[in-house]
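**Student:** Letter by letter, the chains look like this.
There are 2 protein chains.
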Amino acid sequence: MSDLTLAVDIGGTKFAAGLVEPDGRVVAAERVATPRGGDAETLWETLTGLLDRLEPPPGVAGVGIGCGGPMTWPAGEVSPLNMGGWRGFPLRERLAARFPGIPVRIHNDAICLAVAEHWRGAGRGSAAMLGMVVSTGVGGGLILGGRIVDGGTGNAGHVGHVVVDPGGPPCGCGGNGCLEAVARGPGLAAWALAQGWSPGGAGSPGRTGSPGRARSPEDPGGEPSGQDGELYREEGTATARRLAADAAAGDPIALAAMTRAGRALGIAIASAVNLCDLDLVTIGGGLSQAGGLLFGPLEEALREHTRMGFAQRVRVVPAALGQDAGLVGAAALVIAGDRYWSPGP
Amino acid sequence: MSDLTLAVDIGGTKFAAGLVEPDGRVVAAERVATPRGGDAETLWETLTGLLDRLEPPPGVAGVGIGCGGPMTWPAGEVSPLNMGGWRGFPLRERLAARFPGIPVRIHNDAICLAVAEHWRGAGRGSAAMLGMVVSTGVGGGLILGGRIVDGGTGNAGHVGHVVVDPGGPPCGCGGNGCLEAVARGPGLAAWALAQGWSPGGAGSPGRTGSPGRARSPEDPGGEPSGQDGELYREEGTATARRLAADAAAGDPIALAAMTRAGRALGIAIASAVNLCDLDLVTIGGGLSQAGGLLFGPLEEALREHTRMGFAQRVRVVPAALGQDAGLVGAAALVIAGDRYWSPGP
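Residue numbers (UniProt numbering), protein chains in the order written: chain A, 1 to 345; chain B, 1 to 345.
In short, the hints are calculated from the structure, not lab data. Each residue gets a CB set at the ideal place from its N, CA and C atoms; glycine is no exception. Treat the hints loosely; a few may be bogus.
[Unchecked claim] Simulated restraints on C-beta separations:
no.: 1; chain 1: B; residue 1: 23; chain 2: A; residue 2: 169; range: 47 to 53 Å
no.: 2; chain 1: A; residue 1: 99; chain 2: B; residue 2: 312; range: 33 to 39 Å
no.: 3; chain 1: A; residue 1: 167; chain 2: B; residue 2: 48; range: 51 to 57 Å
no.: 4; chain 1: B; residue 1: 48; chain 2: A; residue 2: 124; range: 41 to 47 Å
no.: 5; chain 1: A; residue 1: 12; chain 2: B; residue 2: 94; range: 56 to 62 Å
no.: 6; chain 1: A; residue 1: 289; chain 2: B; residue 2: 318; range: 44 to 50 Å
Between the sequences and the hints, there should be enough to build the whole structure, so can you do that?
**Tutor:** In structure tokens:
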């Protein structure tokens, strides 16, 4: 019996698999791009090919899996939003058949990231924390009493669907005014474009990002560059990165967009802090790298809406773990199951 | 050793004490009005007088206390908002000195009400519930994984300070746009008065509550009756009851006020459901007795903002327990401490 745990991290852009030591160190990892438009078996073969390359030793202690939601839980039939080939795919069961006789456990990928931060990252020692990811979507996981909160169906932590603006923009969930609708990268970029933002403008030679550049929504201004336009249509996060860069360069519309996202984050976090008596919030994901442009307005709105004594102690910090975080959190479902796994084996 | 538990329920309008059987039945109870403006020892003597009248048998199994917040927890130094005589009063310690050698446990009164509904009321069997009180304030308690959630400092459950309208009215907590600022009885009545509501108008002979009665905020209309005005200044809940009655009689401003409160409740509940994956919400307190006038708009807003599959299962129901609920919940801290008490003895 090895003391290594096999960790699997299934996302819309990449699949990753790794071997994790009992202390959380990732000692080997393999990655592959998620096949675009692959059917169920193509996706499965991509995963098994990845596992073959990793060559896990005989007798790993268990298998931990993080996967994009939604899924039935703890059964682990997955239907990741951005992976049409898997709809009700029995991912946990298929992996359990391949690795018989050991625990095979699965959770939402955002929950695995929160678990990773609590176990080995910026959230160590917190009794009550929310681990967030702000990127193409906005997700999270809740740790209360030092243990993962599953909620009734394993879906606790959906902070992206806390309502921040009841009359706000439509959300992918079917509602409107959710944090995710306002603060996800693509939503943010769309808002900025509607306000007249011209991607890359502020950073271009001879352009200074002065307030005079602001355009009314009626004035289309220049077309976005082909590259940015395409990336925006494809994914949106590249455009959000451009938006953050333009904000850093002083573009007033880009700055307003970052402020809008930061305030929405602060309001949603305040609601979560007041409801769940949190002491810590960690924020990871692409947009979190915007630094003060995002965290400044976030802190301002958060402090406006957390005035009760207990709520004022909350700290919001960037996530500490890098690209291995998903693997670390998935492994923790097995290695530290006493804190991060509630259902039976 | 008796198998009875002594339960104490300390509120801004009354003190109650009771003896509770292991199955949650209250077999004896005494009540007394909270002394207005009493200093610390006056309040304490009121409580001890109440306990003397109750005559608990020797050797009760423990003492459970529900008290208005805030308090340090689990130490139980209480500073109830509406009881100025107690500021940092060591209520738990004083009761522990009077009942030595047995568990003496304290929690926020709203949390005790949630515990009562989960243990013996409308929330039995729920794995993930929010128990709410909507009255002069809006409070609550969270039960996740079938256990009470304390949060880091015993303050989890403050659903009244989930933000429902970031640009909304100021809240007693110092923030603005909190659910409580919109939906608490006095806030609701104040809003209706500002819209031109004339308390009791719709129910008076010869008045029909037609839309023509609506007045602009600039038009003061008739003064509220002395009684209602006094009650509003004193407490606000009596006026909220009048508001509900007027809404039931068809007064359009009163109806709009109930709709406004119901929608705010629905939005805050949706945020809590999405974040915590709840299957049930119970609502007690005076305003909850408005029935469909409140629950109709609540359900409408809730369903608009809970569109993810897991969130759609949530049910919102009236609380089932009556005036003894506070005693039942306080007793449960001792009797069912495995589920409703996390700190040590």
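**Student:** Give a verdict on every hint.
**Tutor:** Results of checking the hints against the structure:
no.	hint	result
1	23(B) <-> 169(A): 47 to 53 Å	holds (51 Å)
2	99(A) <-> 312(B): 33 to 39 Å	holds (34 Å)
3	167(A) <-> 48(B): 51 to 57 Å	holds (53 Å)
4	48(B) <-> 124(A): 41 to 47 Å	holds (46 Å)
5	12(A) <-> 94(B): 56 to 62 Å	holds (58 Å)
6	289(A) <-> 318(B): 44 to 50 Å	holds (47 Å)
Checked against the numbered hints given earlier, the structure satisfies every one of them.
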